[in-house]
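First to last, the sequence lines map onto chains B and H.
So for the first sequence, this note's numbering puts the first residue at 1; every next one is plus one.
So for the second sequence, this note's numbering puts the first residue at 1; every next one is plus one.
FYI, nobody ran anything at the bench for these hints, they're computed from the structure.
Just so it is clear, the structure is predicted and the values come from calculations on it, not from any experiment.
We put the CB at the ideal spot given by N, CA and C, even for glycine.
Misleading hints may appear alongside valid ones.
Some chain B residues near chain H, calculated using beta-carbon distances under 8 Å [claimed, not checked]:
| no. | residue |
| --- | --- |
| 1 | 97 |
| 2 | 121 |
| 3 | 123 |
| 4 | 156 |
| 5 | 168 |
| 6 | 205 |
| 7 | 305 |
| 8 | 328 |
| 9 | 331 |
| 10 | 340 |
| 11 | 351 |
| 12 | 352 |
| 13 | 356 |
Dumping the calculated DSBU-like pairs for lysine-lysine here, alpha-carbon to alpha-carbon at most 35 Å [what the hints assert, rightly or not]:
| no. | chain 1 | residue 1 | chain 2 | residue 2 |
| --- | --- | --- | --- | --- |
| 14 | B | 150 | H | 297 |
| 15 | B | 179 | H | 267 |
| 16 | H | 298 | B | 150 |
| 17 | H | 296 | B | 279 |
| 18 | B | 235 | H | 298 |
| 19 | B | 152 | H | 296 |
| 20 | B | 152 | H | 116 |
| 21 | B | 203 | H | 116 |
| 22 | H | 168 | B | 327 |
| 23 | H | 168 | B | 152 |
| 24 | H | 297 | B | 322 |
| 25 | H | 85 | B | 371 |
| 26 | B | 279 | H | 116 |
| 27 | H | 267 | B | 150 |
| 28 | H | 297 | B | 152 |
| 29 | B | 235 | H | 297 |
| 30 | B | 150 | H | 294 |
| 31 | H | 85 | B | 359 |
| 32 | B | 152 | H | 294 |
| 33 | B | 152 | B | 235 |
Covered by chain H, according to a simulated footprint, are these stretches of chain B (three or more residues, beta-carbon under 8 Å) [as the list claims (entries may be wrong)]:
| no. | region |
| --- | --- |
| 34 | 157-165 |
| 35 | 169-183 |
| 36 | 217-230 |
| 37 | 287-298 |
| 38 | 332-338 |
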Amino acid sequence: MNTGFLQSLRALTRLKPSQKLQRDYLLSLLAALLVAFGLGCGIMLLCGYDPIKAFGVLFQGALGTRISFGNTMAKTVTLCLTGLAMSVAAKAGMFNVGGEGQLYLGAMAAAVVGAALTGAPLWLVTLLALGAALAAGALYALIPALLKVKWKVDEVITTIMLNSAAIYFCSYLANGPMKTGDRGIASGTDAIAAGAAFAPLIKLSNLTTGLFYAAVAAFLCWYLMKRSTMGFEMKLTGENDRFARYGGIRTGRLMLWSMVISGALCGLVGMLEVFGLHKRFLVTISNEFYFDGMLVAMIMRYNPFGTILMSFFFAILNIGGKSMELKAGISSELILIIQSIIIFFMAAEGGIRRMLGEKLAARRARRAAVKAGREAKA
Amino acid sequence: MSELFSTLLFQNTLRTATPVVLAALGCLLTQHVNITNIGIEGMMLTGAFFAVLGSWLFGSWLMGLVFAMGAGVLLGLFYYVFVIKFGSDEFIIGVALNIFAGGLTVFLLRTLFQVKGSFSGPGIVPLPTLTFPLLAKIPLLGPLLSGNTLLVYVSWLLVPLLWVMIYKTPLGFHLRAAGEYPEALRSAGRNPNRMKCLASVLCGMLSCLAGAHLSLGYLRMFAENMSAARGYVAFACVIFGRGNPPLVFLAALLFGFIDALGLRLQKVLPSDLTSMAPYVVTVVMMVAVVLLEKRKKKRLARLSR
């Protein structure tokens, strides 16, 4: 195994058992990781691949060179922001599955503004595009949030439906009214103003100065969720909204705000994709990025710090998975399977532990009973 | 206008509605035992894949259905164990199941068939279409009633069957009790978990049949992510029809109609815009059902005063 993998595992176990992520939970996480990777290896063996070689290629591909490290870091940023977006909403009890649509609209808004302002000062272009992306994501998240708060319409279904609607809508714009005249671009908008794109931090990699925007956003999120009154009130709302309302918290407004912040974060991710990587909106701008981030957040129980660490680990799997597909011929979807198995076990962690505990207790009781019976006979 | 509302439109309605009907019928069973199962999307996708696999391996549509239903039983059991036995969050398991299904089907597609995107071929035997010469002679309705695939008729039969089962038999009574008031069922000497297990497994089977209709019904192929959020639409139909099979059936037909209408409108509007229609309509439907419920409650409150 590569040292990167061991290091990230060690970092996980070294987490202080403070606040939400207790030591038990981390041990369960380790067990779930082992089971998931075990199953992954099993699948590989079944399909006739060599798992050790495959994982070697995977970690080599994710961390082996400067460029691949940069790409992994860029992926970490995406996962981290989408994961935080999920966490902020989930903290207040909203299950925002619609981040993908919010991301698309944010990307579209940033691309349109960025292209329209060609010739304006660059800082203005960036600022306005940022504002447009945040607003587009936030407003689109506001629709399901309002429906939920006003009329109690289940947000899981509406956000999923709005995902598909937004993706088709952006595809319509990119193929219709906003279609670029540039050659070689099948369906996309015009390129953003020259020079407005973020500069790469590591040459030839996807890691750009967008990292700083992401870092600021992540810090604000962490502060909001862990240190502010609003974050505390959100937590109360998410855990028991009746109790929170009884305590004088305006739960409806908090739920709206949590969704708006979540949507804005997704919009930011969309903008980073446009300004960092593609320089324009393309219909292929996101490949279910939000769902990957969602997985990370769910595994780490919406803990912001844990989400950041886990994002790095998942980014390794994600980027490495691609080179595994190229070099070892193993479909990168295997990574998705491994990740979802981790989630299955982490979601069931409490239940599994309880059942194991009950079984152990039953066995102990049986042994004690047998012993007592023997003693009585004697 | 007359061209728009031709028989073909209604035939297309049936075609797009049937998978949603089947999945929704499964989903309403879990809804009655108080499980919010959004994993039907993933179950549908898995069913679509295994139907193609079975049909291709054995050259028989029957084996396709057997494979799909087998996958459905396994997924239903899996869902039951994780959600009820381990008491995990049903949303998280549902979402993870959908992601898992997406990964698994594509992985198997690439590993078994060595293709990307979609798999089709002459080796895949589609579902048989049944023609009833007598029914076909009925004017207007004839072409709709006859010449559909097997699963269309199965879905039609299941609607009254499930209605009778849920509302008129002891089994259905126990099923609903397991959802509404499990303690009462337990004190009656029945195990509510057994009812939940039954509902979950049946839901898995029906959702996978829905998937089989997607892949073997008209297309004879499996494509990546071919369920395209229809599982969620089915879920919305269940909410819309309040878990009552005939109403859920009508809701699914409405969805199919809008989908088919969108297809027809592609001549006038860009296809991306018409593709949006079913999703937007589903959201509107979700809102409408909540508002209707509210009005009903208000009316009842006024009456009781």
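Quick rundown of the hints versus the structure:
1. 97: holds (7 Å)
2. 121: violated (35 Å)
3. 123: Hint on residue 123/B: violated, closest Cβ of chain H at ~34 Å, above 8 Å.
4. 156: holds (6 Å)
5. 168: holds (4 Å)
6. 205: Not OK, violated: residue 205/B not within 8 Å of chain H, min 26 Å.
7. 305: violated (20 Å)
8. 328: violated (12 Å)
9. 331: Residue 331/B check passes; min Cβ-Cβ to chain H is 4 Å, inside 8 Å.
10. 340: At 4 Å from the nearest chain H Cβ, residue 340/B passes the 8 Å test, so the hint holds.
11. 351: It holds, given that the least Cβ distance between residue 351/B and chain H is near 3 Å, below 8 Å.
12. 352: Nearest chain H Cβ about 6 Å off; hint holds.
13. 356: violated (11 Å)
14. 150/B x 297/H: holds (16 Å)
15. 179/B x 267/H: holds (20 Å)
16. 298/H x 150/B: holds (16 Å)
17. 296/H x 279/B: The hint is violated at about 52 Å.
18. 235/B x 298/H: holds (33 Å)
19. 152/B x 296/H: holds (16 Å)
20. 152/B x 116/H: violated (41 Å)
21. 203/B x 116/H: Cα-Cα ~32 Å, so holds.
22. 168/H x 327/B: Violated: residue 168/H and residue 327/B sit about 60 Å apart, past 35 Å.
23. 168/H x 152/B: Holds - the C-alpha atoms of residue 152/B and residue 168/H are around 31 Å apart, at most 35 Å.
24. 297/H x 322/B: violated (54 Å)
25. 85/H x 371/B: The hint holds at about 31 Å.
26. 279/B x 116/H: Holds. Residue 279/B to residue 116/H sits at ~28 Å (cutoff 35 Å).
27. 267/H x 150/B: violated (38 Å)
28. 297/H x 152/B: The given pair, whose Cα atoms are some 15 Å apart, holds under the 35 Å limit.
29. 235/B x 297/H: holds (31 Å)
30. 150/B x 294/H: holds (12 Å)
31. 85/H x 359/B: holds (14 Å)
32. 152/B x 294/H: Holds, at roughly 11 Å.
33. 152/B x 235/B: holds (19 Å)
34. 157-165: Three-residue rule met by the region 157-165 of chain B, so holds; n is 8.
35. 169-183: n = 5 at 8 Å, threshold three: holds.
36. 217-230: Violated, because only 0 residues of the region 217-230 of chain B bring their Cβ atoms closer than 8 Å to Cβ atoms of chain H.
37. 287-298: holds (count 4)
38. 332-338: holds (count 5)
Violated hints, listed in ascending order, are 2, 3, 6, 7, 8, 13, 17, 20, 22, 24, 27 and 36; each of the other numbered hints is respected by the structure.
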